[in-house]
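J.: Sequence:
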Amino acid sequence: MSNIKVAPSLLSADPLNLEAEVASVKDAGADLLHLDIMDGCFVPNLTYGPHVAESLYGLGLPLDIHLMVKDPDRIVPLFLPWAAYLTVHVEAAAHLHRVLQNIRDHGVKAGVALNPATPPECLSYVMDLVDLVVVMAVNPGWGGQKCLTGMARKVQAVRDMVQATGRMVEIQVDGGVTPETAGLFVKAGATILVSGSYLFKAPDRRTAIIALRESTS
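Note that the working numbering gives residue 152 to position 152 of the sequence shown, counting from 1, and the numbers run on in steps of one.
Careful: at least some of the hints might be erroneous.
Now the in silico label distances, taken between C-beta atoms and shown as ranges [stated by the list, open to error]:
(1) Ser197 / Asp27: 18 to 28 Å
(2) Asp204 / Gly60: 13 to 23 Å
(3) Asp71 / Thr149: 25 to 35 Å
(4) Gly40 / Ala94: 17 to 27 Å
(5) His95 / Pro203: 25 to 35 Å
(6) Tyr57 / Met127: 24 to 34 Å
(7) Asp14 / Glu180: 39 to 49 Å
(8) Glu180 / Asn139: 17 to 27 Å
Lysine to aspartate or glutamate pairs mimicking EDC-like chemistry, simulated, CA-CA at most 20 Å apart [what the hints assert, rightly or not]:
(9) Lys5 / Asp31
(10) Lys5 / Asp39
(11) Lys5 / Glu170
(12) Lys201 / Asp27
(13) Lys187 / Glu170
(14) Lys109 / Asp27
Hints in this document: simulated from the structure, not taken from any laboratory.
Every residue gets a Cβ at the ideal spot worked out from N, C-alpha and C, and that includes glycine.
Please put together the full structure from these sequences, using the hints given.
T.: The following block contains the structure:
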């Protein structure tokens, strides 16, 4: 079976039962918990504040925190205590080197996310500071969107950039990940799959995660 990491996206969970939802996907075999932080400016939706991350921190799954916010330099310190991975958007960071270095200086893995229309070449000058590259396979802001499968070419381009550095950098795909799309992205080089609607709407989440992994074998 594939050794890829599966990160359920809490955006698709029942907001009135987050603790139970996290316990469910943890018991089902999830590796990380993906938490989308949205400010209503960089993306049109609003989601969670740092107090939610703090509450989730003790539930047993490492937090993969994705900041979909303007001015991430200002927001990053609010989430550093709770994050295993902390990702900012290249499109939103005025001083990308500085924010990535700040994340790493606090012992957290630093991620950079690329919107669908953003070319991977923009990572060239920060690859030495990146532990995770997030390739968005939907336009960010809402769950349940149709997957842009053409982003597999971007995943492959990022994989080639990572291999050229000789460093261990995770490649994550976020958006529309199901057993029908997962294999395409993993073949291109993805090592972490974020899945929201598919997993949280599944009647049996353990079976759903197994199906994701088996589709990439």
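J.: Each hint: holds or not?
T.: Outcome of the hint check:
Separation of Ser197 from Asp27 is about 19 Å and conforms to the stated range, judged on CB atoms against 18 to 28 Å. Taking the beta carbon of each, Asp204 and Gly60 are about 20 Å apart, inside 13 to 23 Å as hinted. Taken as a hint, the range 25 to 35 Å holds for the pair Asp71 and Thr149, whose Cβ atoms sit roughly 32 Å apart. Range check, Gly40 to Ala94: about 19 Å between beta-carbon atoms, so the 17 to 27 Å window is met.
In this structure the hint that His95 and Pro203 lie 25 to 35 Å apart at CB is violated, the actual value being about 46 Å. Here the CB-CB span from Tyr57 to Met127 is close to 29 Å, well matched to the stated 24 to 34 Å. At about 24 Å, the beta-carbon gap between Asp14 and Glu180 misses the expected band of 39 to 49 Å. Roughly 20 Å separates the CB atoms of Glu180 and Asn139, a value that falls within the hinted 17 to 27 Å.
For the hint pairing Lys5 with Asp31, the CA-to-CA distance comes to about 6 Å; that is within 20 Å, so the pair holds. Taken as a hint, the Lys5 and Asp39 pair is broken in the structure, with Cα atoms around 27 Å apart against an allowance of 20 Å. About 10 Å separates the Cα atoms of Lys5 and Glu170, which keeps this hinted pair within 20 Å; it holds. At most 20 Å may separate the alpha-carbon atoms for a hinted pair to count; Lys201 and Asp27 meet this at roughly 16 Å.
With a CA separation close to 14 Å, the supplied pair Lys187 and Glu170 stays within the 20 Å bound. Between the alpha carbons of Lys109 and Asp27 the distance comes to roughly 25 Å, so the proposed pair goes past 20 Å and is violated.
When each numbered hint is compared with the structure, violations occur for hints 5, 7, 10, 14.
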